[in-house]
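Chemist: Below are the chains, spelled out letter by letter.
There are 2 protein chains.
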Amino acid sequence: MRDSGDLDKLVKVVSSALPGDQKFIALHEPRFCGNEWEYVKECLDTGWVSSVGKFVDRFEQDLAEYTGVNNAIAVVNGTAALHICLKLAGVEQNDEVLIPSFTFIATANAVSYCGAIPHFADSEMRTLGLDPFKLSNYLRDITEVKRGHCYNKITGRRIKAVVPMHTFGHPVDLDPLMEICANYHIELIEDAAESLGSYYKGQHTGNFGKLSALSFNGNKVITTGGGGAILTNDESLAKFAKHITTTAKIPHKWAFNHDQIGFNYRLPNINAALGCAQLEQLEQFLIKKRALADSYRKVITEVDCVSFMVEPEFAKSNYWLNAILLNKPDITKRDYLLEKLNDQGIMSRPAWTLMHKLPMFAEYPKMDLTIAEGLEMQLINIPSSVVLGETNE
Amino acid sequence: MRDSGDLDKLVKVVSSALPGDQKFIALHEPRFCGNEWEYVKECLDTGWVSSVGKFVDRFEQDLAEYTGVNNAIAVVNGTAALHICLKLAGVEQNDEVLIPSFTFIATANAVSYCGAIPHFADSEMRTLGLDPFKLSNYLRDITEVKRGHCYNKITGRRIKAVVPMHTFGHPVDLDPLMEICANYHIELIEDAAESLGSYYKGQHTGNFGKLSALSFNGNKVITTGGGGAILTNDESLAKFAKHITTTAKIPHKWAFNHDQIGFNYRLPNINAALGCAQLEQLEQFLIKKRALADSYRKVITEVDCVSFMVEPEFAKSNYWLNAILLNKPDITKRDYLLEKLNDQGIMSRPAWTLMHKLPMFAEYPKMDLTIAEGLEMQLINIPSSVVLGETNE
Ligand SMILES: Cc1ncc(COP(=O)(O)O)c(C=O)c1O
Ligand SMILES: Cc1ncc(COP(=O)(O)O)c(C=O)c1O
Numbered sequence: 002m003r004d005s006g007d008l009d010k011l012v013k014v015v016s017s018a019l020p021g022d023q024k025f026i027a028l029h030e031p032r033f034c035g036n037e038w039e040y041v042k043e044c045l046d047t048g049w050v051s052s053v054g055k056f057v058d059r060f061e062q063d064l065a066e067y068t069g070v071n072n073a074i075a076v077v078n079g080t081a082a083l084h085i086c087l088k089l090a091g092v093e094q095n096d097e098v099l100i101p102s103f104t105f106i107a108t109a110n111a112v113s114y115c116g117a118i119p120h121f122a123d124s125e126m127r128t129l130g131l132d133p134f135k136l137s138n139y140l141r142d143i144t145e146v147k148r149g150h151c152y153n154k155i156t157g158r159r160i161k162a163v164v165p166m167h168t169f170g171h172p173v174d175l176d177p178l179m180e181i182c183a184n185y186h187i188e189l190i191e192d193a194a195e196s197l198g199s200y201y202k203g204q205h206t207g208n209f210g211k212l213s214a215l216s217f218n219g220n221k222v223i224t225t226g227g228g229g230a231i232l233t234n235d236e237s238l239a240k241f242a243k244h245i246t247t248t249a250k251i252p253h254k255w256a257f258n259h260d261q262i263g264f265n266y267r268l269p270n271i272n273a274a275l276g277c278a279q280l281e282q283l284e285q286f287l288i289k290k291r292a293l294a295d296s297y298r299k300v301i302t303e304v305d306c307v308s309f310m311v312e313p314e315f316a317k318s319n320y321w322l323n324a325i326l327l328n329k330p331d332i333t334k335r336d337y338l339l340e341k342l343n344d345q346g347i348m349s350r351p352a353w354t355l356m357h358k359l360p361m362f363a364e365y366p367k368m369d370l371t372i373a374e375g376l377e378m379q380l381i382n383i384p385s386s387v388v389l390g391e392t393n394e
Numbered sequence: 002m003r004d005s006g007d008l009d010k011l012v013k014v015v016s017s018a019l020p021g022d023q024k025f026i027a028l029h030e031p032r033f034c035g036n037e038w039e040y041v042k043e044c045l046d047t048g049w050v051s052s053v054g055k056f057v058d059r060f061e062q063d064l065a066e067y068t069g070v071n072n073a074i075a076v077v078n079g080t081a082a083l084h085i086c087l088k089l090a091g092v093e094q095n096d097e098v099l100i101p102s103f104t105f106i107a108t109a110n111a112v113s114y115c116g117a118i119p120h121f122a123d124s125e126m127r128t129l130g131l132d133p134f135k136l137s138n139y140l141r142d143i144t145e146v147k148r149g150h151c152y153n154k155i156t157g158r159r160i161k162a163v164v165p166m167h168t169f170g171h172p173v174d175l176d177p178l179m180e181i182c183a184n185y186h187i188e189l190i191e192d193a194a195e196s197l198g199s200y201y202k203g204q205h206t207g208n209f210g211k212l213s214a215l216s217f218n219g220n221k222v223i224t225t226g227g228g229g230a231i232l233t234n235d236e237s238l239a240k241f242a243k244h245i246t247t248t249a250k251i252p253h254k255w256a257f258n259h260d261q262i263g264f265n266y267r268l269p270n271i272n273a274a275l276g277c278a279q280l281e282q283l284e285q286f287l288i289k290k291r292a293l294a295d296s297y298r299k300v301i302t303e304v305d306c307v308s309f310m311v312e313p314e315f316a317k318s319n320y321w322l323n324a325i326l327l328n329k330p331d332i333t334k335r336d337y338l339l340e341k342l343n344d345q346g347i348m349s350r351p352a353w354t355l356m357h358k359l360p361m362f363a364e365y366p367k368m369d370l371t372i373a374e375g376l377e378m379q380l381i382n383i384p385s386s387v388v389l390g391e392t393n394e
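Protein chains in written order, with our numbering: chain C, 2 to 394; chain L, 2 to 394.
Keep in mind that the hints were calculated from the coordinates and are not lab data. One or more hints might be untrue.
Copies of the same chain are indistinguishable here, so a pair counts whether it falls within one copy or spans any two.
What the hints assert, rightly or not - Okay, derived cross-link-like pairs now, DSSO-like style, lysine-lysine, Cα gap no bigger than 27 Å in a straight line:
#	residue 1	residue 2
1	Lys55	Lys42
2	Lys358	Lys88
3	Lys135	Lys240
4	Lys358	Lys240
5	Lys341	Lys254
6	Lys211	Lys243
7	Lys317	Lys254
8	Lys329	Lys254
9	Lys299	Lys341
10	Lys13	Lys358
11	Lys250	Lys317
12	Lys24	Lys317
13	Lys341	Lys329
14	Lys358	Lys254
15	Lys10	Lys24
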């Protein structure tokens with residue numbers, strides 16, 4: 002490739018921020034250096050590995066305490082959490098739900114599980130997440146509010162909810178989004194799958210939505226193997242979330258009665274045990290992740306054609322996945338970088354294919370998506386494991 | 002209660018078959034006495050706790066080998082397994098699916114997740130599962146086959162599948178059921194959630210359906226904390242099942258493309274590790290469960306008003322949950338027994354409330370359900386853990 006000088010320099014500086022003695026550096030691997038084994042062993046020794054057990058209760062309490070959201074309901078993964086958040090926010094068959102096109106597939110799939118239709122919105126460079134100003138202008142043009150509901154004038158369908166996603170741990174600008182939601186009678190659900198440990202104006206993400214979803218997949222800041230949680234400040238929604246994720250069984254000393262179609266979305270106790278141990282270490286993990294981001298930032302600033310994604314000014318990010326942005330969208334350059342980095346054993350990847358480009362979502366409504374289209378061609382993620390920040394502390 | 006003599010005798014004999022030194026005897030608790038520790042610790046030590054890892058692959062291979070079904074796909078639980086079985090068998094929105102009314106809620110819920118309608122069928126005393134002869138007569142009356150599909154003449158809807166469930170581990174009579182499926186162009190899906198280790202005419206359950214579902218919930222013969230598996234002898238369905246349960250992502254060195262709406266139904270590696278260790282012990286577990294069933298049978302035979310459920314003559318059962326049947330349905334007697342046993346710390350429970358009696362399924366189609374209605378009032382399950390069979394070997 003011509004003009005690859007800057008890119009080659011970038012590969013060098015990224016490499017310089019990473020340990021030199023490893024053949025392969027993963028994008029994000031978990032770190033188990035706390036009470037993981039002790040808690041898991043306790044599950045095996047007592048036989049409490051499954052759907053009830055003290056670690057599930059404790060993990061829920063610990064999550065509520067950590068995030069400052071009143072209630073946390075542990076579930077089997079982040080996708081399940083999103084599904085239930087949408088359902089409990091009242092999303093019904095044939096509703097539309099606004100989501101970023103620039104997101105992981107789970108956000109769109111969860112909308113589909115409700116029989117609803119994802120409606121794709123653009124992102125902004127500042128946060129990589131939903132652009133509230135662009136959204137506001139768009140809604141002004143295409144919607145009307147009737148009898149307390151927001152309708153898409155073009156499709157005739159109700160727009161029931163919006164799901165901002167805190168991309169790679171960087172919080173979206175929530176204040177203007179909440180204002181939009183209030184004005185248009187749209188429910189706010191935060192996809193906080195990537196943002197445990199991230200704060201918007203001093204408050205933990207997940208506090209702003211009617212309900213919010215966390216993920217503890219193996220690649221996240223902390224992991225339970227597979228797992229997720231629903232967060233909500235609404236007591237009765239929290240009760241409902243617990244009920245419907247545990248087959249909607251009515252408590253009784255022996256009878257099996259269920260009062261509605263429920264789900265088996267429970268998190269097993271053994272996975273919750275892992276989560277309790279991981280959560281104890283989260284503050285330490287975040288310090289190390291920030292140290293790694295810092296050293297990336299310092300060296301990447303030296304390179305001309307790119308920038309390093311830093312937290313928005315109103316936020317404190319968990320720096321879940323570090324991201325480099327080409328100054329201009331350029332898929333050739335992006336792929337050159339990806340090839341070079343991966344060839345050197347530095348695992349890196351582009352962001353997701355935009356949702357509106359996937360065959361099953363191609364016909365769904367969308368606004369102008371210029372920024373998202375650019376991001377797809379200009380962003381790459383680089384190794385971000387906690388362990389990589391330990392030498393950088 | 003009048004005439005409680007026999008029942009009181011029953012409580013005594015059940016108690017005599019159980020260890021006398023325990024305050025509380027659970028209905029079914031897991032047993033970890035193999036390589037559980039070692040395998041789970043390996044996951045923690047290597048960091049492979051999540052969605053990929055060697056134990057997932059190995060558990061799938063071990064399950065295929067054990068059951069004799071060509072392919073096993075590990076998933077997050079039995080409910081998810083059933084959902085995907087139905088989907089892959091071609092169950093679509095507004096189809097009807099025949100299921101026993103006498104089953105656990107998951108069978109009916111999974112049908113609902115497909116947007117399809119459960120159509121309730123009766124059970125037979127021999128197996129506690131679907132009665133093929135009654136079903137055959139019923140289908141002759143209410144269906145017609147047009148262009149290779151079976152239609153319910155009354156509702157006009159297509160009947161796409163039938164899901165027999167092997168209740169408490171006792172296999173249903175599969176041969177006549179398969180004949181019905183062939184004649185009426187109905188797909189057979191086995192709900193084998195309760196029947197790992199159970200054989201029909203020498204072949205493991207799960208070999209007869211187009212696809213079948215297993216569960217490894219904490220109360221099952223073996224457990225993974227939470228978990229399940231899809232079994233199928235069809236190679237291409239197996240590939241499809243793996244694909245759609247792992248977000249339908251197209252393999253690529255870095256790109257995120259998904260070709261359809263998929264699910265996050267993966268079993269985490271740490272849960273699969275547990276499964277591998279448990280499966281190694283299954284043969285031993287089955288011997289102990291059979292020993293326990295044997296000692297129950299011997300003492301319960303002495304009591305007049307009841308019988309002990311034994312495996313059908315064509316089957317070898319895993320005796321997952323032992324069951325006592327009152328000779329005649331009698332809810333007062335049933336509840337008397339339940340009270341007495343539970344009061345003594347001998348955990349026992351009735352079977353499930355029949356599906357067609359639950360509010361969300363009350364309006365759905367059903368045949369005459371006399372046997373199921375009786376079973377609800379005459380059956381109770383008594384403690385069945387592996388460990389209880391250890392003193393009885
Ligand atoms: C933005 C986003 N939403 C949802 C999810 C779904 O979480 P899970 O993988 O735990 O189902 C993820 C993570 O995978 C994610 O990154
Ligand atoms: C008959 C039947 N079907 C399905 C399931 C669902 O399995 P799981 O609990 O693993 O989702 C179970 C067990 O709970 C069951 O007994």
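Chemist: Now look at each hint and say whether the structure bears it out.
Modeler: To see whether the hints hold, each was checked on the structure:
1. Lys55 to Lys42: both (13 Å within a copy, 21 Å between copies)
2. Lys358 to Lys88: So Lys358 and Lys88 pass the 27 Å test inside a copy (25 Å) and across (25 Å) alike.
3. Lys135 to Lys240: neither (36 Å within a copy, 42 Å between copies)
4. Lys358 to Lys240: So Lys358 and Lys240 pass the 27 Å test across copies only (24 Å; inside, 38 Å).
5. Lys341 to Lys254: between (62 Å within a copy, 13 Å between copies)
6. Lys211 to Lys243: within (16 Å within a copy, 34 Å between copies)
7. Lys317 to Lys254: neither (47 Å within a copy, 32 Å between copies)
8. Lys329 to Lys254: Between. Shortest inter-copy distance 24 Å satisfies the 27 Å Cα cut-off; intra-copy 64 Å does not.
9. Lys299 to Lys341: within (21 Å within a copy, 72 Å between copies)
10. Lys13 to Lys358: So Lys13 and Lys358 fail the 27 Å test inside a copy (33 Å) and across (68 Å) alike.
11. Lys250 to Lys317: Cα proximity of Lys250 and Lys317: none, with 40 Å in one copy and 32 Å across.
12. Lys24 to Lys317: Close neither inside one copy (32 Å) nor across copies (53 Å); limit 27 Å.
13. Lys341 to Lys329: Classified as within; 19 Å inside a copy, 76 Å across copies.
14. Lys358 to Lys254: Between. Shortest inter-copy distance 19 Å satisfies the 27 Å Cα cut-off; intra-copy 51 Å does not.
15. Lys10 to Lys24: Close inside one copy (20 Å), not across copies (71 Å); limit 27 Å.
Hints 3, 7, 10, 11, 12, counting from the list given before, are not met by this structure.
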